[in-house]
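Protein chains: 2
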Amino acid sequence: MEDKSHREHKKYAADIDSISKAQARIKPYVHITPVLSSETLNSIAGKSLFFKCECFQKGGAFKFRGASNAIFSLDDEQAAKGVVTHSSGNHAAALAMAAKLRGIPSYIVIPKNAPKCKVENVKRYGGQVIWSEANMQSREETANKVLHETGATLVHPYNDGRIISGQGTLSLEFLDQVPQLDTLIVPISGGGLISGVAIGAKSINPAIRVLAAEPKGADDAAQSKASGRIITLARTNTIADGLRASLGDLTWPVVRDLVDDIITVEDKEIVEAMRYCYEILKVAIEHSGAIGLAAVLSDSFKRNPDLKDARNIGIMLSGGNVDLGVLWESLNNR
Amino acid sequence: MEDKSHREHKKYAADIDSISKAQARIKPYVHITPVLSSETLNSIAGKSLFFKCECFQKGGAFKFRGASNAIFSLDDEQAAKGVVTHSSGNHAAALAMAAKLRGIPSYIVIPKNAPKCKVENVKRYGGQVIWSEANMQSREETANKVLHETGATLVHPYNDGRIISGQGTLSLEFLDQVPQLDTLIVPISGGGLISGVAIGAKSINPAIRVLAAEPKGADDAAQSKASGRIITLARTNTIADGLRASLGDLTWPVVRDLVDDIITVEDKEIVEAMRYCYEILKVAIEHSGAIGLAAVLSDSFKRNPDLKDARNIGIMLSGGNVDLGVLWESLNNR
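If you're matching them up, the sequences are chains D and U in order. Counted the way the working numbering counts, the first sequence spans residues 1 to 334. Counted the way the working numbering counts, the second sequence spans residues 1 to 334.
One or more of the hints may lead you astray.
Said to hold, decoys possible - Cut-off 27 Å, straight-line C-alpha distance, at most; resulting in silico cross-link-like pairs (BS3-like, lysine-lysine): (1) U:268 with D:116; (2) D:145 with D:100; (3) U:112 with U:21; (4) D:81 with D:145; (5) D:268 with U:116.
None of these hints come from the bench; they were simulated from the model.
The following block holds chain D by itself, in its conformation from the complex:
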């Protein structure tokens, strides 16, 4: 049974071998992040919740796992020309930081509306910022221009096997820390994180349930699951700036096959979860990072008969890069 499942995962852009290799490759560079729990939140949720605090990862988000795997996978010749990406923020900072560690240049295309703290992170870590318009077309065109001028390697934020494998290391680490987990809740945007996590976690424990959490205002993954093909949205409308991307051709098959369900939540539920993170867990969590907690507290989770037997739930607090002023405003505009 496990062997079969293992073989099946070979058809994706990552598998347990590539994830294990990523774990060994990035080990010298990443933090093993702690898992927090709170009896107060357990009693609110009626479940045992385990919070994997990737807000404490280098750069303040899980993205450094994939970025460092990509950077340290390059051969010396490729690496010398540097890397380029377009990103709404955390991947950009993570790539800049990993590039700095290897001593190679990074060219970061950032949309003009990106949060200030994320742009500052990129600069702090030595990334060369190149501005684009906020739409995906402008981001890709600008990145391509840089590619041609520099010969750098493109490292896509999620649609890249090296990235998926790197993000998947999170599941190996989490299940090692809390082996009794029966359910994982993972934010979904482009699908890089959840693809790596689903492949990694189900390779270790095929019975584990992997749920995605998605904003209602950017529910392309839920729509894609429902219709059996990639749906992209013309417009998104969510406060969670990190969750507006669409699935890629490498992440979609994993989401289609290995993600058990997608829980969609309202922005106000995300903001309430941020408040819980701050007031009860004492951690700074960005909107995108709080969505897993929002999902487990949502009515759609509680009403779902398939989720009744979920007991030990692992929640990915995927990142903590939120300007304090933005957090404050979010909580006051509920």
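For chain D, the structure is supplied; the task is to place chain U on it using the hints.
Positioned in the frame of chain D, the structure of chain U alone reads:
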């Protein structure tokens, strides 16, 4: 050498034996809190910093260690009558929580000017709130009245051997997690935490340096150290609401003998440290909890020739109970 130091500590209200027993007693109830580190903060400080995150302890502060040790030290007959304390907040919530765990009543005298989130914590954990005026005389008189009416046991916030032993468990846990620590920086108020930590840490490693961090506007401990006797201040003036108490007769001898130095810092340095905790470490830290980081970043630390060889510095992030609005205002009124 170690034997001598061990015997010497017998003269205090706690020793390594009482701390070890406390550790075993409270183990089923407390969190082992994680230690965080940040290369960004290391490079700002020019030292290797290790942050012991007691903001993630139950109740959001280290106080639960001492409180649960006190509560579970009571015999059944004493316990049944409950406990009483007067406290500016974190000790109160911790005592209420520990009493609830043991199923006994707790009577909590709270000054009217205590921060809202701390009062709510007390109520959430089932403590019976009894209001007093903000001054120490009113707090003590009110507590004594409750004592006489109920027969409950007084558990002082810091001047109590059971409390000192419980807080001291923090040093055993921290040195187990980061054995290479050569210096500890601990907030000082009434001295319960630093007394337990100094006795515990120096019993394990007599060469370790234990420094107190104190607000300039409530520097009674620094003045006491300088003059060789307990000094109490008629007035304090600091934003750190948890650091306004005076040393007690049980904590003073430990501070006098075992605390190597006291670093005093300005309120604005505390606020800047809170900002670093939020933006870089991604943790919510109250003013009193951030003072250790403020101390290590202060000019008086950097200029002190005795501290030049401090390399691996353990910083107690002692608590995280700060209203978000208060944090936001603090950072904007610098």
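(request) Please name the hints from earlier in the document that this structure breaks, with their numbers sorted from lowest to highest. (result) 3
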